[in-house]
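**Q** Let the hints inform the model, and build the full structure from the sequences given.
The primary structure of each chain is shown beneath.
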Amino acid sequence: MSWGALYFYYKCPVCSKLFKYAVDLIPEYGEDFGKCPTCENEGVYIKEGARTLDDLLYEEIE
Amino acid sequence: MESKVLKNKTIITIAPTGAWPKKENNPAVPMTPEEIAKDVYECWKAGAAIAHLHMRDNNGNGTMDKEKFKKTVELIRSYEDCDIILNLTTSGDLNATDETRQIHLKEIEPEMASYDCGSMNWLNTGLFLNTPAFLEELGGTMQKHNVKPEIEAFDPGMIANAAYYLKKGVLKAPLHFQFCMGCANGIPGSVKNLLFMKETMDQLCPGSTWSCFGVGHSAMEILYAAIAMGGHIRVGMEDNVMFAKGQLAENNVQFVKRAKKAIELFGKQAATPEEARQILSLNNKGE
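Residue numbers (this note's numbering), protein chains in the order written: chain A, 1 to 62; chain B, 1 to 287.
Among the clues, some could well be false.
Unchecked claim - With the C-beta cut set under 10 Å, the calculated list includes, among others, these residues of chain A facing chain B: (1) V23; (2) V44; (3) D55.
It should be emphasised that the hints constitute simulated quantities derived from the structure, not laboratory data.
In this text the structure is predicted, and so the values were computed from the model without any measurement.
Ideal Cβ placement from N, Cα and C applies to all residues, glycine included.
**A** What follows is the structure in structure tokens.
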């Protein structure tokens with residue numbers, strides 16, 4: 001039984017971009033985990049969980 | 001000893017449903033016995049040799065309802081030309097009991113079933129419990145009913161646990177592993193980690209066969225690496241409801257077709273169910 005990826009969902013406080021990081025990328029991104037891909041500001045944590053209805057609104061960071 | 005011909009074969013397992021995704025995650029996830037059976041048949045025609053099955057209750061939640069399993073197996077077997085290997089889950093419902101997690105194996109006697117070789121946290125919200133007592137009992141049930149365990153390992157410790165049960169006689173060689181990569185609380189999905197899982201298996205349980213999948217971003221990385229490293233692969237909406245970044249999967253067949261194409265581009269071939277039976281040393285004629 002698997003359960004898909006677990007994401008942290010963020011909103012950028014500067015440009016309002018919505019984005020998400022899979023938690024298994026924490027080792028890869030380190031301190032950059034949670035930063036906005038556009039303006040590189042620290043995102044504001046919104047929620048966590050598996051993929052949701054509004055998932056496509058959030059850019060997936062890989 | 002595996003023949004040279006079989007070494008060139010890669011087994012595709014389709015995991016069409018799983019326990020978590022619902023229609024709201026992807027409208028194409030098959031949920032009812034009828035939907036699952038039709039989906040499995042189409043995936044078999046596309047190149048899948050094994051189907052790993054979960055059931056859902058009438059609200060779409062994971063269930064170990066044996067009647068749902070029976071109905072689905074019966075519907076799949078009603079396609080007389082379909083010889084796909086059936087691999088039934090033993091972990092489709094976090095609220096199931098030790099008894100309901102294995103009663104379907106006793107009554108259906110499928111060729112394969114999953115064996116989750118340790119406990120962990122499920123999506124950081126619940127417990128995925130596989131107690132020592134349950135694993136010992138499940139190993140006994142599988143041996144008695146000639147069901148080949150597919151040992152799901154979410155981290156290297158679970159491989160070590162399989163070695164323990166092998167020495168104890170709860171499991172019998174040759175083992176077959178499913179490396180589950182990138183699930184929350186498990187080992188992250190990367191080629192480096194896949195190599196570590198395989199090396200750990202080779203060291204602790206030599207002679208075992210293995211398959212793997214990556215959830216989310218690591219899906220393709222793990223798929224290509226497995227083909228190159230001589231492993232087998234699992235695809236389907238249990239593990240990924242997205243076909244590519246920002247693109248919902250149309251159906252499970254789409255995953256199987258892509259996997260088959262990747263195998264062929266590499267210079268190998270997708271194993272037929274009969275070839276998979278030889279590779280995995282299956283000797284149960286099945287349900």
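**Q** Evaluate each hint against the coordinates.
**A** Right, here's what the structure says about each hint:
no., hint, in the structure
1, V23, "6 Å, holds"
2, V44, "20 Å, violated"
3, D55, "8 Å, holds"
Consistency with the previously given hints fails for number 2 only.
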